[in-house]
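**Student:** Listed here are the chains, written in short residue letters.
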Amino acid sequence: MTVRVRKIQVGVEETLHEGGPVAQTPLRMGYAAAVVENPFAGRYEPNILPFMDDLKPLGLALAGRLLSALGGAADEIEGYGKGAIVGVDGELEHGALWHAPGGYAMRELLGEAKAIVPSSKKVADVGARLDIPITHRTASYVRGHFNAMEVGLADAPWANELIVILVMTTGARVHARAGGLQASEIEGLDGLR
Amino acid sequence: MKAKVRKFLVVVEETHHEMGREIAPPTRKAAALAVIENPHAGEYVEDLEGLMEIGAEMGDILGQKAVSALGVAPAEIESYGKAAVVGEAGELEHAAAILHPRLGKPLRQAVEKGAALVPSSKKMGGAGTPIDVPLGHKDGAYVRSHFDGMEVRVPDAPRPREIVVAVAVTDSGRPLPRVGGLTADQVEGKDGLR
Chain A
1491 MTVRVRKIQV GVEETLHEGG PVAQTPLRMG YAAAVVENPF AGRYEPNILP
1541 FMDDLKPLGL ALAGRLLSAL GGAADEIEGY GKGAIVGVDG ELEHGALWHA
1591 PGGYAMRELL GEAKAIVPSS KKVADVGARL DIPITHRTAS YVRGHFNAME
1641 VGLADAPWAN ELIVILVMTT GARVHARAGG LQASEIEGLD GLR
Chain B
1107 MKAKVRKFLV VVEETHHEMG REIAPPTRKA AALAVIENPH AGEYVEDLEG
1157 LMEIGAEMGD ILGQKAVSAL GVAPAEIESY GKAAVVGEAG ELEHAAAILH
1207 PRLGKPLRQA VEKGAALVPS SKKMGGAGTP IDVPLGHKDG AYVRSHFDGM
1257 EVRVPDAPRP REIVVAVAVT DSGRPLPRVG GLTADQVEGK DGLR
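Those sequence lines, one after another, are chains A and B. Using this note's numbering, read the first sequence as starting at 1491 and increasing by one per residue. Using this note's numbering, read the second sequence as starting at 1107 and increasing by one per residue.
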């Protein structure tokens, strides 16, 4: 099935401080979102799996765009997340088709990325915003890297569209000081600690 | 830098299809935003010189960030616009001081030329307030194909004592312009209007 892309939006946010000391290295968080036609809109389609494979090249393209917007160095990417917004003629399950191609694409590009890619999804109207959860890419329990990025487009998703989204970050929250597992303490064996 | 910046946000949007038609090459817009501290939050100040200086810095920094996000030469930028959202402890006039006296000159350097007025909008708002940055052709304000806008927002800004400053640029007009009027190739570029 052809993946018909209407729009691509890429955003990068840099945080220099949040009321505390100015960071030596600002935290950068970026997203890449693609607005695609939902081939299953308006009906119940039992077999939706083939579309998951069709989305793989788009996943790789979005991950590449995002990495390059963040400077292009895979080893500087420390956190990630993904999500999907399904237009109102679609089904939440259609958003789930993004799990494999989105996650696979970022791992393919970043190399070592053992932690599960956290995700969120919803069915929503045009202009909806989605908070994409973010965790450390090697160890899910790293507390400083728990974060989220709000993403949305003013004119999407139409009823027959999906927005598929990838997020990457370059570090911890800008004033992270809530304790817990530190990035320096990661064992890196199980994707958790 | 005079401005105390908390955040920068740079967004690029490409349109590949509009009303079922393929747009090749895609039309593209970029916006660069800064979240800055409002030095005059909570007090009435007669002389807004400090904010005017900040405006000059913003024209330079945000202009360059937006142009570089599109990855084209400055001369290839076709339209531009600017806007600001002032947090509740500030005053609408603070947006005016940033946007109008001095932001335009460095922005025009960033897009090479720019004979036309830089269209603008401003408002007061809370964190996450969206603002539509108006867009107009940089050399001929009457070019009808390039009248447009770009909605931007920063989810956590402006906080009460902050201002969000935005600059938007494009390397193209609307995806399917067909309402006539002055076209980009007819622009003389002398008076900024036609």
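Check the hints yourself; a few may be wrong.
In silico SDA-like links for lysine to any residue, alpha-carbon gap of 25 Å or less [as the list claims (entries may be wrong)]: (1) A:1612 x B:1227; (2) B:1110 x A:1600; (3) B:1110 x A:1667; (4) B:1108 x B:1229.
Rather than coming from a laboratory, the hints here were simulated on the basis of the structure. As the structure is a prediction and not an experimental result, all values here were calculated from the model.
**Student:** Are the hints correct? Go through all of them and say.
**Tutor:** Tested hints:
no.	hint	result
1	A:1612 x B:1227	33 Å, violated
2	B:1110 x A:1600	34 Å, violated
3	B:1110 x A:1667	23 Å, holds
4	B:1108 x B:1229	23 Å, holds
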